[in-house]
Amino acid sequence: MHTEEQAYIERVKKGDSASYAFLVNKYKNMAFTVALKIVNNREDAEDIIQESFLKAYQQIHTFENKSKFSTWLYTIVYRAALNKLPRNKVDFFSIDDEAHESYAVDTASTPSVSLETKEEQQYVKDAIQRLPQSEALLITLYYLNESSLKEIEEITGLSMNNIKIKLFRARKKLEQELHFLL
Amino acid sequence: MAQDKEDKLKKLIQSVELDQPKADFTATIMQQIEAQESLVSSVALQVLLEKHLMESPSADFTENVMMDIERLDKKVVYEPIISKEVWYGVSIAAALLITLVSFVGKSSKTNIDVPPLANNINQLTGKIILQINGLPGLVLACLFAVSSLLLLEHFFSKKKYQI
Chain A
1 MHTEEQAYIE RVKKGDSASY AFLVNKYKNM AFTVALKIVN NREDAEDIIQ
51 ESFLKAYQQI HTFENKSKFS TWLYTIVYRA ALNKLPRNKV DFFSIDDEAH
101 ESYAVDTAST PSVSLETKEE QQYVKDAIQR LPQSEALLIT LYYLNESSLK
151 EIEEITGLSM NNIKIKLFRA RKKLEQELHF LL
Chain B
1 MAQDKEDKLK KLIQSVELDQ PKADFTATIM QQIEAQESLV SSVALQVLLE
51 KHLMESPSAD FTENVMMDIE RLDKKVVYEP IISKEVWYGV SIAAALLITL
101 VSFVGKSSKT NIDVPPLANN INQLTGKIIL QINGLPGLVL ACLFAVSSLL
151 LLEHFFSKKK YQI
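So the protein sequences, as listed, match chains A and B.
First residue of the first sequence? That's 1 in UniProt numbering, and the numbers climb one at a time after it.
First residue of the second sequence? That's 1 in UniProt numbering, and the numbers climb one at a time after it.
There could be a bad hint or two in this list.
Think about it this way: if two alpha-carbon atoms lie no more than 25 Å apart in a straight line, the pair counts; the simulated BS3-like pairs of lysine-lysine are [unchecked claim]: (1) A:Lys28 - B:Lys8; (2) A:Lys118 - B:Lys51; (3) A:Lys55 - A:Lys66; (4) A:Lys13 - A:Lys55.
Derived from the structure by calculation, the hints contain no laboratory data.
If we strip away everything but chain A, and leave its shape as in the complex, we get (with noise of 0.2 Å):
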């Protein structure tokens, strides 16, 4: 772990609350990717979030250093996120291999001409939004954050193997999706 994360993270334990801001300012993004790509809604994304952060204040007391502070944070976060859903919808995070069925590739609307920066990122957001929820927090937590596969098991509770093999499916899609962008 950072070092100067870590002496922020003990000065928080010393009841220095302000330095809580630097935790909050360096993962309120990948937090609010994670919880948006669990919620699909950016207001209830944000609410969740914030508890996510009030929480893991009050307990970094418990935060023993043995895996990342951004992995626990987003534990904290992905169950925060899978409370806010339905039953039937937080099932859908587990094996959904019906899921990746319905995902076709948009071939026809391949641009091909060179594109601007804002219509790329549509695109890119389009092809994200098209996988499978699971799917795209995946991708989002390994290419994002830069989690490994471990990380991920311990943040999600899914199997190595499934995370794998969703990655591996999700990156296919990707990459057949988005190879005029590649």
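Use these hints to put chain B onto chain A, whose structure you have.
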């Protein structure tokens, strides 16, 4: 002759089984190769996703969280209005009074000569009771309510408010 010896030695050496690595050696190597390949193929995808996928909460998010934390930290831990020492004093005084009254009550049945101090206390408590009886009902109700509240406050203050 020399050739025969050489052949025999060769066969002998070949008859010895080769040392083997762990059973999952091939699988491990293949996994490593697969991981390396997937890493190369996914670099471009990673760059693309990093560029576009990250979302941000509202601009004042950190401020809101820090304000909530400040509120949590400042949450009042209620102190009891009546201190522990006073409650001990009250309990001891009440216990003494009850003991004294019961002692005086018993002794007044058997002995005609009541000690002057006990007699005074007896008379005093008698007067207090008479005065209390003489108070209007509303005042008594108020006294009862205040006492109950003080008692409740005492019990609730035992539970420290934890965030």
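Hint-by-hint comparison with the structure:
1. A:Lys28 - B:Lys8: Outside the cut-off at roughly 74 Å; violated.
2. A:Lys118 - B:Lys51: At roughly 11 Å apart (the allowed maximum being 25 Å), B:Lys51 and A:Lys118 satisfy the hint.
3. A:Lys55 - A:Lys66: Holds - the C-alpha atoms of A:Lys66 and A:Lys55 are around 19 Å apart, at most 25 Å.
4. A:Lys13 - A:Lys55: holds (14 Å)
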